[in-house]
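Chemist: Below are the chains, spelled out letter by letter.
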Amino acid sequence: MDTMSLLMQGFAVALTPESIMFAVIGAILGTLIGALPGLGPANGVAILIPLAFSLGLSPTSSLILLTSVYAGAMYGGRISSILLNIPGDEPAMMTCLDGYPMAVKGKAAEALAISAIASFFGSFIATIGLVILAPILAKFALKFGPSEYFALFALAFATLGGITGKNQFKTLMAAAIGLMIATVGIDISTGVQRFTYNTLELFEGVDFIIAIVGLFAISELLFFLERHAGDGLKQVAINKLKLSPKDIIKVLPASFRGAVLGFVAGVLPGAGASLGSFISYTLEKRVSDKGEFGKGDPRGVAAPEAGNNGAASGALVPMLTLGVPGSGTTAVLLAMLISLNISPGPMLFQQNADLVWGVIAAMFVGNLVLLLLNIPMVGIFVKLLSIPPKYLMPVVTLIASVGIYSVSHSALDLYFMVGFGVLGYIFRKVDIPLVPIILGMLLGPEMEKSLRHALVLSDGDWGVLFNSGLSIGLWTVAILGLVLPIIIGPIVRAKMKRSKDTVKDS
Amino acid sequence: MRINDRVFGMLMLILAVVYGWEATKFPIPFGGHESVGPETFPIMLSIILGISAIYLMVRPDEDEPWAPVGMLIELGVVVLSMLAFAWAIEPIGFMPAAALVVSFLSWRMGASIARSVITGVTSSVVIFFLFNNVLELALPLGLLEF
Numbered sequence: 001m002d003t004m005s006l007l008m009q010g011f012a013v014a015l016t017p018e019s020i021m022f023a024v025i026g027a028i029l030g031t032l033i034g035a036l037p038g039l040g041p042a043n044g045v046a047i048l049i050p051l052a053f054s055l056g057l058s059p060t061s062s063l064i065l066l067t068s069v070y071a072g073a074m075y076g077g078r079i080s081s082i083l084l085n086i087p088g089d090e091p092a093m094m095t096c097l098d099g100y101p102m103a104v105k106g107k108a109a110e111a112l113a114i115s116a117i118a119s120f121f122g123s124f125i126a127t128i129g130l131v132i133l134a135p136i137l138a139k140f141a142l143k144f145g146p147s148e149y150f151a152l153f154a155l156a157f158a159t160l161g162g163i164t165g166k167n168q169f170k171t172l173m174a175a176a177i178g179l180m181i182a183t184v185g186i187d188i189s190t191g192v193q194r195f196t197y198n199t200l201e202l203f204e205g206v207d208f209i210i211a212i213v214g215l216f217a218i219s220e221l222l223f224f225l226e227r228h229a230g231d232g233l234k235q236v237a238i239n240k241l242k243l244s245p246k247d248i249i250k251v252l253p254a255s256f257r258g259a260v261l262g263f264v265a266g267v268l269p270g271a272g273a274s275l276g277s278f279i280s281y282t283l284e285k286r287v288s289d290k291g292e293f294g295k296g297d298p299r300g301v302a303a304p305e306a307g308n309n310g311a312a313s314g315a316l317v318p319m320l321t322l323g324v325p326g327s328g329t330t331a332v333l334l335a336m337l338i339s340l341n342i343s344p345g346p347m348l349f350q351q352n353a354d355l356v357w358g359v360i361a362a363m364f365v366g367n368l369v370l371l372l373l374n375i376p377m378v379g380i381f382v383k384l385l386s387i388p389p390k391y392l393m394p395v396v397t398l399i400a401s402v403g404i405y406s407v408s409h410s411a412l413d414l415y416f417m418v419g420f421g422v423l424g425y426i427f428r429k430v431d432i433p434l435v436p437i438i439l440g441m442l443l444g445p446e447m448e449k450s451l452r453h454a455l456v457l458s459d460g461d462w463g464v465l466f467n468s469g470l471s472i473g474l475w476t477v478a479i480l481g482l483v484l485p486i487i488i489g490p491i492v493r494a495k496m497k498r499s500k501d502t503v504k505d506s
Numbered sequence: 507m508r509i510n511d512r513v514f515g516m517l518m519l520i521l522a523v524v525y526g527w528e529a530t531k532f533p534i535p536f537g538g539h540e541s542v543g544p545e546t547f548p549i550m551l552s553i554i555l556g557i558s559a560i561y562l563m564v565r566p567d568e569d570e571p572w573a574p575v576g577m578l579i580e581l582g583v584v585v586l587s588m589l590a591f592a593w594a595i596e597p598i599g600f601m602p603a604a605a606l607v608v609s610f611l612s613w614r615m616g617a618s619i620a621r622s623v624i625t626g627v628t629s630s631v632v633i634f635f636l637f638n639n640v641l642e643l644a645l646p647l648g649l650l651e652f
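Here the protein sequences line up with chains A and B, keeping their order. Okay, so the first sequence: first residue is 1 according to our numbering, each after it adds one. Okay, so the second sequence: first residue is 507 according to our numbering, each after it adds one.
Chain B with its partners taken away, still in its complex shape (with noise of 0.2 Å):
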């Protein structure tokens, strides 16, 4: 199958007709027109861009495997927890969000639950020791702060 290429070359295509054309829209900068506007290296690289997109329609290459829906359902729940992190490092704290966050990584990794949660709870603890008293960058302490 060389399928994923196309598809790709497709988007990249889009992406640099779309960018080519807003670029042309830009406002004529103040102090009047010059022979190099801002739109000019925008406009060369959405051709180059454009040129290798329709390379890679024309000539894919064969087709890396991907994983089957399950792994990438997985995949995306993992990313969402690390998204989920990032929202909750200041309500709640840096050091139960990376815990919970760690833990959930490395069991889905393939660790027992009872090592991935040691695994999160320590490295979360030493982390936030490092960082706040030796390395002295503070991280939010959340719900932990009173």
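If we strip away everything but chain A, and leave its shape as in the complex, we get (with noise of 0.2 Å):
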């Protein structure tokens, strides 16, 4: 009952005008955002932070804001598969097997609804699920020591790469280069500069944001510019929309099924979005396939979309409640707290209890909001759509630069970001992982903090790390999450595109 009352004052937060105000305009940012293809939802979200951060908006706003962009995005991915065949972001994949043939078949605006209340529904179960798990969650982790949280950290490098990771080496390979970055600056405990070379403006470290906006933003310019993908794509004409009742009926179960999966996909460490889609797809193709599936069959568009609305939600899960960011987006939202000086974890639901109802209460109400926006306006989104990216990216980066600029008025930042750029471009070149280095960045300083701690405590002995049952437990799981996918991997992989393929030919 003790969560109910919480969840109450939450919304008494939620549904004050300004709150509902940057609800509505995440919504309309995060759908845009993640609608345009190459401007997933981590990029949207990254570029908005330092804007976020120079109005001095209160946390509690900022919070709100930026969720719904990172729901409106999720959202917003599945219009670039309906109408493109081109998943907006890599969890909309799934959407584009059934989605795309729908609207070949002159269904475009039925798929499109079907997948918005999708969406709602895979959002609002796993919200549910969010305020269930997560106050049990926090409160189990008090439990934890230093030692329980740097195997807890190690466990988040270890599964980031998921299961679907091509190169387990590669993923390690860049946690150490993000948290190699971290270390950069005085030391916190000691006052010792390191890496600093004398330099003033490193003695602060690295700011994250400017590394964040730089590898995501500048990187993807560089990538489309390479491409000469700048006049963008031939979309399907969308028709009028003809939905009955009967209709919505028949996808609902699967869309409940699809929220169940992937808000689990979501909250265990290394599935995320993406595997959460694919769980609901397949398993719903088992259960109600008569034949149509892959050629437009609407409980095809409904699972993975719930689903990976679903474990979009999901994912908020472990990063509220330890601080463990599961996917990109999430790392990019974690970035946020730590900017505003919010430290999540456990101690985040007793500390700042008004702020994390907050947002949990703003996520139903930005949901709502989506579902209501995205079935009328639709045909707003997909004009924007029509923009080729010659015109937009530009301005994208434009606005991005801005951003950054804002937050310190120095030209040096801005070197920094396209420098982060040119690096992101290499990186992906040779297929180095972003996130994780991202993810090294933020949870750097708190990593060496346990770290420190522990042995502190141990009086130097490094046994310290393995001597609880919950410590070992953490850490078997994260050499699983590093050894597994070498063996999973590939055929997971094999799957999806198997299913994929076997679109293409039919």
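Any given hint could turn out to be false.
Label pairs and their in silico Cβ distance ranges [unchecked claim]:
1) A:196 with B:508: 32 to 38 Å
2) B:642 with A:490: 49 to 55 Å
3) B:568 with A:383: 39 to 45 Å
4) B:636 with A:20: 18 to 24 Å
5) B:567 with A:343: 36 to 42 Å
Below, a list of computed lysine to aspartate or glutamate pairs in the DMTMM-like style, where the Cα atoms sit at most 25 Å apart [claimed, not checked]:
6) A:429 with B:568
7) A:429 with B:567
8) B:531 with A:461
9) B:531 with A:459
10) B:531 with A:204
Quick caveat, the hints were computed from the structure, so don't treat them as lab data. For every residue, glycine included, the Cβ atom is placed at its ideal position computed from N, Cα and C.
Mind assembling these two chains? They're in different frames, but the hints should get you there.
Modeler: Have a look at this one:
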């Protein structure tokens, strides 16, 4: 009952006009960001962080804004999947399988409406899951000592590549690079300068927001240039919506199953939204396929969309309760929290209860806004989607630079941003994943602090890292997370590819 | 070809060694030596990076092809234009600098000259007024200041 009253207090925060306004703005921006190919959710949230920061928004408002953007991006991803057969972001890939065939058959409007409803269900059910699970996990995490935290951070990195990760050593390498960047600057506990080479600008370390915007946004611009992708793609025309309540009822079971599976996949480390939508789709195919899947079955649209949105909300559970994000976008949201001086983790639920519950309540509100926004107004988003990237990407780059510039009004930050952009381009060329780098920069200081605490308490005995059942358990999962993908990864990836190929052939 | 990973692995191995070696030379912090100093964590990192760099050199993945030289030069020019924008934002002012860089980028992405100039000028003017007047974040006027 305690949770209920906290949630009600949260609604009191989320239903103020100001919060609703930010939820609406975030929902619109998020849908746009998700819909535009090449501007994924992580990218979009990253660009908005410095803006929210320099506008001096309160922590609650900025978090409401950015979680709405996050939820909206998950809605938006489906638009380009259905109309262009190009997923706006990776998790939306499975929506292409039945969404695009539906659109080709002249049922684009129905596909969009069904996927919006399924998205709503996915987020709604997963947010309820979040309400139930997060306080329990937070309470449990209070038992964590420094050595458990150190193991937990290791686990976060080990599982970040996910089941579908290609080369575990590249994930490891990326994590090490990120953590190394985090060590630059004055060491907090001893005051020793590390890797600063007496440069004043480096004393406070490298600002991760600049790094995130550079790595994501600027490198994306370079890739667009290289691929000559400036003209955009041809999309399927949209028809007039004809949807009866019967059609909606038909997809409800699929949405429900998808949402639950997606939520579980989102909470588990290393699974993430891509796997969430993949599992939901395959299960739905197994349960209710009568030869229509892959040819435009509405349930094949509903299941992965619900799974994808469920996983997105599920991924917030470890981020809020443990301070360990499971995906790129939640890592960027974590960056937001840290730069607002809020340390996520179990204490968050005690010290900043009104903030956490306000944000959770805002997710319900934002979700409803998104549903209302996405059914009647989908035409407007479709119009915007047809703006070719050659006009859009330069403007987005400009907005990103303005955001970075206005944080501290220094051109040096912009040089750093461009530098990280070039680095990001090179990393992507050699297939080094960017998310572990960012996570390394974010978690580095905390990870080192827990290592130190643990070792100081044990007087330098390294055995302390493995001396409780809990930490041994965490290490085991971490090692499994690192080793299993080497064995299972190729199988899962081949399956995902096969189901995509069969659709192309038919 | 599997040259990318080998070269990159080599570079990262050098970074790991230099980084780890630098870490061993940190001054001893005030208050004496503790079991975990400022160098412990960096040394661990350099070992991890070193191992994965060696793995990358021994078992490299298939290369993603690099762009042809002409494209790489073009990307270089684009990067320089962004750096120039960063430099110009204060002395020249936000609006002219942004208009130039956005027009240039959109021209390089394949828009016609007239349309890219329109995109550049409108976007920079709109963003300037949006930021200065609506969001109240001052952007430098530069040459337009009088």
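Chemist: Evaluate each hint against the coordinates.
Modeler: Quick rundown of the hints versus the structure:
no.	hint	in the structure
1	A:196 with B:508: 32 to 38 Å	36 Å, holds
2	B:642 with A:490: 49 to 55 Å	54 Å, holds
3	B:568 with A:383: 39 to 45 Å	40 Å, holds
4	B:636 with A:20: 18 to 24 Å	22 Å, holds
5	B:567 with A:343: 36 to 42 Å	37 Å, holds
6	A:429 with B:568	11 Å, holds
7	A:429 with B:567	12 Å, holds
8	B:531 with A:461	23 Å, holds
9	B:531 with A:459	23 Å, holds
10	B:531 with A:204	20 Å, holds
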